[in-house]
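A.B. asks: Sequence:
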Amino acid sequence: MGKLNIFTLVFVLFGMSQTAFLQLNKTDANGKKQGPWEKKYPNSLVLEYKGQFKDDKPVGTFTYFYPSTKVKMIVKHNDKTGRSEAFIYHENTLLMAHGIFKNQKKDSVWTHFGPSGRLTTRESYKDGLLHGKQIIYYVPEDPNDKSERIAKISNFVKGTLEGEVIEYFDFGTVKTTCKYVNGKKQGVCISNHANGQKMIQESYENGVKHGYFFAYDESGKEIGRKFYKYGRELDSEELLKYQEELKKIKAKAKDPKQQPTTPKQQPSKKS
Numbered sequence: 070m071g072k073l074n075i076f077t078l079v080f081v082l083f084g085m086s087q088t089a090f091l092q093l094n095k096t097d098a099n100g101k102k103q104g105p106w107e108k109k110y111p112n113s114l115v116l117e118y119k120g121q122f123k124d125d126k127p128v129g130t131f132t133y134f135y136p137s138t139k140v141k142m143i144v145k146h147n148d149k150t151g152r153s154e155a156f157i158y159h160e161n162t163l164l165m166a167h168g169i170f171k172n173q174k175k176d177s178v179w180t181h182f183g184p185s186g187r188l189t190t191r192e193s194y195k196d197g198l199l200h201g202k203q204i205i206y207y208v209p210e211d212p213n214d215k216s217e218r219i220a221k222i223s224n225f226v227k228g229t230l231e232g233e234v235i236e237y238f239d240f241g242t243v244k245t246t247c248k249y250v251n252g253k254k255q256g257v258c259i260s261n262h263a264n265g266q267k268m269i270q271e272s273y274e275n276g277v278k279h280g281y282f283f284a285y286d287e288s289g290k291e292i293g294r295k296f297y298k299y300g301r302e303l304d305s306e307e308l309l310k311y312q313e314e315l316k317k318i319k320a321k322a323k324d325p326k327q328q329p330t331t332p333k334q335q336p337s338k339k340s
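Residue 277 in this note's numbering sits at position 208 of the sequence shown; the count goes up by one each step and never skips.
By construction, these hints were calculated from the structure, which means they are not laboratory data. Idealized CB from N, CA, C, for every residue including glycine. Each hint should be verified, as a subset may be incorrect.
Distance ranges between label pairs, derived from CB positions [what the hints assert, rightly or not]: (1) L93 - D214: 39 to 49 Å; (2) I143 - V226: 26 to 36 Å; (3) G183 - E306: 25 to 35 Å; (4) G265 - D196: 34 to 44 Å; (5) E154 - P184: 17 to 27 Å; (6) G293 - P111: 51 to 61 Å; (7) G183 - I143: 11 to 21 Å; (8) T190 - D286: 33 to 43 Å; (9) T130 - G183: 23 to 33 Å; (10) K139 - S288: 48 to 58 Å; (11) G265 - N112: 56 to 66 Å; (12) T130 - S216: 29 to 39 Å.
Modelling step: build the complete structure from the supplied sequences, incorporating the hints.
C.D. replies: As structure tokens, then:
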């Protein structure tokens, strides 16, 4: 009887394990994922991820792994709100990034960290695209230095650079300022020496150099200038010719004789 009981127990446990295995990675009659799912790396027994699906959508907690079996990412899904909180890890187990997915697209504020655990970037997303402020930080060489020094501040609209971009030296002084319109440089851009004095001033039109380029030494004295017309540098002769053309255009615009006149409205005939 003892041997029979042992045989029966082994058979039952084997059957339970087979049933549990068969319940993995299931789809319903409509082809939608349902219940627990696991995926292994190719030609490996190591899990790439494990989690639960309901009507083809991830629910609950999903865990992703490196080939080394260390945790790569944990995502906590809220099927009622469509929001998911993600924790992404370096292989050394320190946090790499933290943020929100909404309907499986990046949303709201995301924070990123380097392998040493120090802050590198903080940025905003909407519908999976950068939207709002992005701040990039200097990462000190000293691992014990936990200071947060801003390297660059940008602004995005639906994934495209828009507005002023400011870069800083690691000691806090402004390094460069430039305005972007629809992802392209527009207007005056300025670069500074480390002492805060202006080093370069250049003008852009729709992403290409257009206008004067000035260079200055550390005392603020001008040491050179160039002129660009829609991305091409003009020599002295070309510049004089271009300036004459501009004068003629301005003079024509100011001359009332050159302005188009509006024809007088004729009185309508009575029927």
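A.B. asks: Taking the CB of E154 and the CB of P184, does the distance hold inside 17 to 27 Å?
C.D. replies: Given a distance of about 22 Å, which is inside 17 to 27 Å, the answer is holds.
A.B. asks: Taking the CB of T130 and the CB of G183, does the distance hold inside 23 to 33 Å?
C.D. replies: Check passed, 26 Å falls within 23 to 33 Å.
A.B. asks: Taking 26 to 36 Å as the stated bounds, is the beta-carbon spacing between I143 and V226 within them?
C.D. replies: For V226 against I143, whose Cβ atoms are near 31 Å apart, the range 26 to 36 Å holds.
A.B. asks: So does L93 sit 39 to 49 Å from D214, Cβ to Cβ?
C.D. replies: 47 Å, holds
A.B. asks: Take a look at whether the Cβ-Cβ distance between G183 and I143 falls inside 11 to 21 Å.
C.D. replies: This hint holds: roughly 19 Å between Cβ atoms.
A.B. asks: Is the distance from the Cβ of G265 to the Cβ of D196 consistent with 34 to 44 Å?
C.D. replies: At roughly 40 Å between Cβ atoms, D196 and G265 fall inside 34 to 44 Å, so the hint holds.
A.B. asks: With 51 to 61 Å as the target window, see if G293 and P111 comply at their CB atoms.
C.D. replies: With a Cβ separation near 59 Å, G293 and P111 satisfy 51 to 61 Å, so the hint holds.
A.B. asks: When you take the CB atoms of G265 and N112, is the distance between them in 56 to 66 Å?
C.D. replies: Given about 58 Å between the Cβ atoms, the range holds.
A.B. asks: Quick check on a hinted range of 25 to 35 Å for G183 and E306, using CB atoms only.
C.D. replies: The hinted range 25 to 35 Å is violated for G183 and E306, with Cβ atoms some 53 Å apart.
A.B. asks: Given a hinted range of 33 to 43 Å, is it respected by the beta-carbon distance of T190 and D286?
C.D. replies: 34 Å, holds
A.B. asks: 29 to 39 Å was suggested as the range; check whether the CB atoms of T130 and S216 agree with it.
C.D. replies: 34 Å, holds
A.B. asks: Given the range 48 to 58 Å, decide if the beta-carbon distance of K139 to S288 lies inside it.
C.D. replies: 55 Å, holds
Hint violations for this structure: number 3 only, all remaining hints satisfied.
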